[in-house]
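Given these sequences and hints, build the entire structure.
Note that the sequence shown ends on residue 470 in numbering that gives the first Met the number 0; no numbers are left out.
Hints were generated in silico from the structure; no laboratory data involved.
The reader is advised that the hints may include incorrect statements.
With a Cα cut of at most 20 angstroms, we get these calculated EDC-like pairs of lysine to aspartate or glutamate [unchecked claim]: (1) K33 <-> D182; (2) K258 <-> D289; (3) K94 <-> D434; (4) K24 <-> D53; (5) K416 <-> E47; (6) K368 <-> E128; (7) K33 <-> D50; (8) K24 <-> D42; (9) K416 <-> D378; (10) K258 <-> E236; (11) K33 <-> D16; (12) K441 <-> E431; (13) K33 <-> E45; (14) K24 <-> E3; (15) K94 <-> D443; (16) K24 <-> D378; (17) K94 <-> D142; (18) K94 <-> D134; (19) K368 <-> E18; (20) K258 <-> E243; (21) K368 <-> D358; (22) K24 <-> E47; (23) K33 <-> E18; (24) K94 <-> E431; (25) K24 <-> D50; (26) K368 <-> D182; (27) K33 <-> D181; (28) K94 <-> D131; (29) K368 <-> D78; (30) K227 <-> D255; (31) K416 <-> D50; (32) K33 <-> E47; (33) K94 <-> E448; (34) K416 <-> D142; (35) K368 <-> D181.
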Amino acid sequence: MSVERTLITGGTVLTVDPEYGRLDKGDVLVENGKIAAIAPRLDVVEAEVIDATDMIVLPGFVDTHRHTWQAPVRNIGSDWTLGQYLAGIHFGFSKLFRPHDTYVGNLLGVAEALDSGITTLLDWSHNLETPDHADSAVQALLDSGSRAVFAHGGGASMWHVPSAIPHDRDVFRLRDRYFSSDDQLVTMAFAARGPQFTTPEIAIEDWQLARELGVRITVHVGDGEWGKSRPVAWMREHGLLGPEVTYVHCNTIGDDELKMIADTGGSASVSADIETQMGHGWPATGRLLDVGIRPGLSIDVCTSNAGNMFNAMRSTLAVQRALDNAAEERPGQQDRIRLTCRDVLEFATIEGARANGLDRVTGSLTPGKDADIVLLRADALTMTPLNNPAAAVVYNGHPGLVDSVMVRGRFVKRDGKLTELDVNRIRAMAIETRDYLVEQAKTDPYIAECALGGGWIPGSVQPPRAAAIVD
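Below you can see the structure in the form of structure tokens.
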């Protein structure tokens, strides 16, 4: 059998692997889609050579939670609260999406992610009103060439609090049709509504369904007032906590509930950009670290914020450093900064892979893992001179610096351009879908006043009383 080799040479290599560390000048060998070797210099014959001089070579970023279908209504909610987002998007625009629009939203969202160096994305898909919508969502992920986790979250109509609607059992058809192997690029997870959004009986039934499917579970907890009902404590009482569960947000759950997650081996996803913008409560990064959980990062929704990991890393770092400073007895005179750029880079790579259940195959540059690799230009003025590579990635990086992206050893972006996706076609489809949705909104009393340009603010969904979600 022939061997396909690619040798990436002469770059500054950030492996995010403690064994290999940082190489100020190093080579990475890729063979048949996997990382074969990392060293200061590798002598290899019969390989395609990629000159990475003046580039940073690092693992592909990992997004642990994105409602990808919403990409066509990008930035429409950048000045909205969480309640207004739920009214305008989740219970407004959602019901206007045709299966085609779901396909377009997912393809646009994943294309944006790949373009910015995100090689793994968990698609928290919760607008699957029909089997056709679900097929369209999955097909877009398959067509994108990205590594992805399709987290089945049912339809938006299932989310009215407290929902007594069972999870759609179409999930079994999807598992059989698309996800027969856990080794493929696109795999499956279960996006549970959890006790914040359902009756107790349905919350338990959802967990049983996920365990019957044999897939990981991802669930929102602690987002704003909805999270003050002690959902994690309730889940512990009913045996729902475990290492296969990722808890998204965690802003307003108690410190003891964070400890419950840690004690049962759970992982967490922080969306600092959206949490501060919509008012979920302070991002839980520091509180998670206090109980021994190193979180992954996520974009959440592009209806409000950017879809790249550079912004997510900066928001995470800035907010937690501000909180740490404010907590000091002498704000502005703390002895040391506890959250480093290296930490946040790990959150965006290996910790995200761990939260998605994929840390054995991606998340770091480690021989034997799949070659999910980003080449980031370091010859721009904003990166020159390169004195602290991890800090340069976190503070100075942006999608325009992403030169090349590999997924399982295959280039999906090279020399600054996506290679397997037709960007002009995707843009045209996205604009057509956006125009269709805005036109249809005029016929829906809930969002009839919808207008582009930033001036429209929808009504707001009010959270239930914190005591409402109990047995």
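Hints, one by one, checked against the model:
no.	hint	result
1	K33 <-> D182	holds, 13 angstroms
2	K258 <-> D289	holds, 9 angstroms
3	K94 <-> D434	holds, 15 angstroms
4	K24 <-> D53	holds, 10 angstroms
5	K416 <-> E47	holds, 19 angstroms
6	K368 <-> E128	violated, 37 angstroms
7	K33 <-> D50	holds, 19 angstroms
8	K24 <-> D42	holds, 14 angstroms
9	K416 <-> D378	holds, 17 angstroms
10	K258 <-> E236	holds, 14 angstroms
11	K33 <-> D16	holds, 15 angstroms
12	K441 <-> E431	holds, 16 angstroms
13	K33 <-> E45	holds, 16 angstroms
14	K24 <-> E3	violated, 24 angstroms
15	K94 <-> D443	holds, 10 angstroms
16	K24 <-> D378	holds, 15 angstroms
17	K94 <-> D142	violated, 24 angstroms
18	K94 <-> D134	holds, 17 angstroms
19	K368 <-> E18	holds, 14 angstroms
20	K258 <-> E243	holds, 16 angstroms
21	K368 <-> D358	holds, 9 angstroms
22	K24 <-> E47	holds, 19 angstroms
23	K33 <-> E18	holds, 18 angstroms
24	K94 <-> E431	holds, 17 angstroms
25	K24 <-> D50	holds, 12 angstroms
26	K368 <-> D182	holds, 12 angstroms
27	K33 <-> D181	holds, 17 angstroms
28	K94 <-> D131	holds, 14 angstroms
29	K368 <-> D78	violated, 41 angstroms
30	K227 <-> D255	holds, 13 angstroms
31	K416 <-> D50	holds, 17 angstroms
32	K33 <-> E47	holds, 15 angstroms
33	K94 <-> E448	holds, 16 angstroms
34	K416 <-> D142	holds, 17 angstroms
35	K368 <-> D181	holds, 15 angstroms
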